[in-house]
Amino acid sequence: GAVVSQHPSRVICKSGTSVKIECRSLDFQATTMFWYRQFPKQSLMLMATSNEGSKATYEQGVEKDKFLINHASLTLSTLTVTSAHPEDSSFYICSASSEGNQPQHFGDGTRLSIL
Amino acid sequence: DAKTTQPTSMDCAEGRAANLPCNHSTISGNEYVYWYRQIHSQGPQYIIHGLKNNETNEMVSLIITEDRKSSTLILPHATLRDTAVYYCIVRGNNNDMRFGAGTRLTVKP
Numbered sequence: 086g087a088v089v090s091q092h093p094s095r096v097i098c099k100s101g102t103s104v105k106i107e108c109r110s111l112d113f114q115a116t117t118m119f120w121y122r123q124f125p126k127q128s129l130m131l132m133a134t135s136n137e138g139s140k141a142t143y144e145q146g147v148e149k150d151k152f153l154i155n156h157a158s159l160t161l162s163t164l165t166v167t168s169a170h171p172e173d174s175s176f177y178i179c180s181a182s183s184e185g186n187q188p189q190h191f192g193d194g195t196r197l198s199i200l
Numbered sequence: 008d009a010k011t012t013q014p015t016s017m018d019c020a021e022g023r024a025a026n027l028p029c030n031h032s033t034i035s036g037n038e039y040v041y042w043y044r045q046i047h048s049q050g051p052q053y054i055i056h057g058l059k060n061n062e063t064n065e066m067v068s069l070i071i072t073e074d075r076k077s078s079t080l081i082l083p084h085a086t087l088r089d090t091a092v093y094y095c096i097v098r099g100n101n102n103d104m105r106f107g108a109g110t111r112l113t114v115k116p
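Line by line, the protein sequences give chains U and G. Mind the numbering: the first sequence is residues 86 to 200 in my numbering, read in order. Mind the numbering: the second sequence is residues 8 to 116 in my numbering, read in order.
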């Protein structure tokens, strides 16, 4: 089946640091990638949608200058949390899908802890 | 995308069938129903999807009512490893998926 790899799986860093998370589709071309955030005991919240070669579309309330998304190829998207603060601590999950009604496939998530 | 309604939690005995309902009464004609599950601290796992016909794979069956306003995911012989949060999502042509609260299924020995 389709595999999405997310790296790193866990990050612990100091407040003010910028953190980059990578999301790769390993065996298919992902025309669209999605980034979600999940706080403890809550559901996944969609942050942004990115299509290869174009600017990401952010959900209402998600700061585009805070969460930089790059989707430079059909197999790689990155999310950079800039100047992270403790309130940015969360579980960040990416997903990828090819065209049409093919299902989204999710990475295993990145647990970000800002001290 | 149409919103979905699922029970907050369900219990099931190991080895018995688990029937997980989902209401999606505002679904439109071109929207698919997708089911995912999430085990603690992992990314969601795709299970199955369908448009209007019932679907079956090696894990589960998906029953969609004729009016498409609801569906049921059936795990025929639940195991302890099926304990997870199960999400029913209706996805339209804009391709994004918005998760509701899901159903927390607990399979008990």
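Some hints here could point you the wrong way.
[What the hints assert, rightly or not] In the DMTMM-like style, the derived pairs of lysine to aspartate or glutamate whose C-alpha atoms are separated by at most 20 angstroms in a straight line are:
| # | chain 1 | residue 1 | chain 2 | residue 2 |
| --- | --- | --- | --- | --- |
| 1 | U | Lys149 | G | Asp103 |
| 2 | U | Lys99 | U | Asp173 |
| 3 | G | Lys10 | U | Asp193 |
| 4 | U | Lys151 | U | Glu184 |
| 5 | U | Lys105 | U | Asp193 |
| 6 | U | Lys140 | G | Glu65 |
| 7 | U | Lys126 | G | Glu38 |
| 8 | U | Lys151 | U | Asp112 |
| 9 | G | Lys59 | G | Asp89 |
| 10 | U | Lys126 | G | Glu62 |
| 11 | G | Lys10 | G | Asp89 |
| 12 | U | Lys149 | U | Asp112 |
| 13 | G | Lys115 | G | Asp74 |
[What the hints assert, rightly or not] Here are the in silico distance ranges between beta carbons for each label pair:
| # | chain 1 | residue 1 | chain 2 | residue 2 | range |
| --- | --- | --- | --- | --- | --- |
| 14 | G | Asp18 | U | Pro125 | 20 to 30 angstroms |
| 15 | G | Ser16 | U | Lys140 | 35 to 45 angstroms |
| 16 | G | Asn60 | U | Leu200 | 24 to 34 angstroms |
| 17 | U | Lys149 | G | Pro14 | 13 to 23 angstroms |
| 18 | U | Asn186 | G | Glu65 | 13 to 23 angstroms |
| 19 | G | Asp74 | U | Ile97 | 29 to 39 angstroms |
| 20 | U | Lys151 | G | Ile46 | 37 to 47 angstroms |
| 21 | G | Ile46 | U | Asp150 | 32 to 42 angstroms |
| 22 | U | Gly185 | G | His84 | 44 to 54 angstroms |
| 23 | U | Pro125 | G | Thr12 | 19 to 29 angstroms |
| 24 | G | Glu73 | U | Asn186 | 40 to 50 angstroms |
| 25 | G | Gly107 | U | Asn186 | 41 to 51 angstroms |
| 26 | U | Thr167 | G | Ser48 | 37 to 47 angstroms |
| 27 | G | Arg111 | U | Lys105 | 28 to 38 angstroms |
[Said to hold, decoys possible] One-sided and incomplete, this derived list gives chain U residues near chain G with beta-carbon spacing under 7 angstroms:
| # | residue |
| --- | --- |
| 28 | Gly101 |
| 29 | Thr102 |
| 30 | Val104 |
| 31 | Thr134 |
| 32 | Leu159 |
| 33 | Ile178 |
| 34 | Pro188 |
| 35 | Gln189 |
| 36 | Phe191 |
| 37 | Asp193 |
Don't read these hints as lab results, they were simulated from the structure. Since we're looking at a predicted model, the values are computed, not measured. Here a beta-carbon is modelled for each residue, glycine too, at the ideal position from N, C-alpha and C.
So, as I understand it, the hint says U:Thr102 touches chain G; can you test that by seeing if any CB pair is closer than 7 angstroms? At about 23 angstroms, which exceeds the 7 angstroms cut-off, the nearest Cβ of chain G leaves the hint on U:Thr102 violated.
Is U:Lys99 within 20 angstroms of U:Asp173, Cα to Cα? holds (12 angstroms)
Using 7 angstroms as the Cβ threshold, decide whether U:Thr134 counts as touching chain G. Check passed: Cβ of U:Thr134 comes within 5 angstroms of chain G, closer than 7 angstroms.
20 angstroms Cα cutoff - pair G:Lys59, G:Asp89: violated (25 angstroms)
Verdict for G:Glu73, U:Asn186 (Cβ pair) under range 40 to 50 angstroms: Because 20 angstroms falls outside the window, the suggested range is violated.
Restraint outcome when U:Gln189 is required to lie within 7 angstroms of chain G by C-beta distance: holds (6 angstroms)
Given the proposed pairing of G:Lys115 with G:Asp74, does the C-alpha separation stay at or below 20 angstroms? Given pair G:Lys115, G:Asp74 is violated - Cα atoms ~34 angstroms apart, limit 20 angstroms.
Just tell me: holds or violated, for the beta carbon distance of G:Ile46 and U:Asp150 against 32 to 42 angstroms? Since G:Ile46 and U:Asp150 have Cβ atoms about 34 angstroms apart, the given range 32 to 42 angstroms holds.
Is U:Lys151 close enough to U:Asp112, meaning Cα to Cα at most 20 angstroms? Violated: U:Lys151 and U:Asp112 sit about 30 angstroms apart, past 20 angstroms.
Given U:Phe191 was flagged as interface, is its beta-carbon under 7 angstroms from a beta-carbon of chain G? holds (4 angstroms)
What's the verdict on G:Lys10 and G:Asp89, does the C-alpha distance respect the 20 angstroms limit or exceed it? violated (25 angstroms)
Sort out whether G:Glu62 lies within 20 angstroms of U:Lys126, counting only the CA atoms. violated (30 angstroms)
Consistency note: the structure conflicts with the earlier hints numbered 3, 4, 6, 7, 8, 9, 10, 11, 12, 13, 16, 17, 19, 20, 22, 24, 25, 26, 28, 29, 30 and 32.
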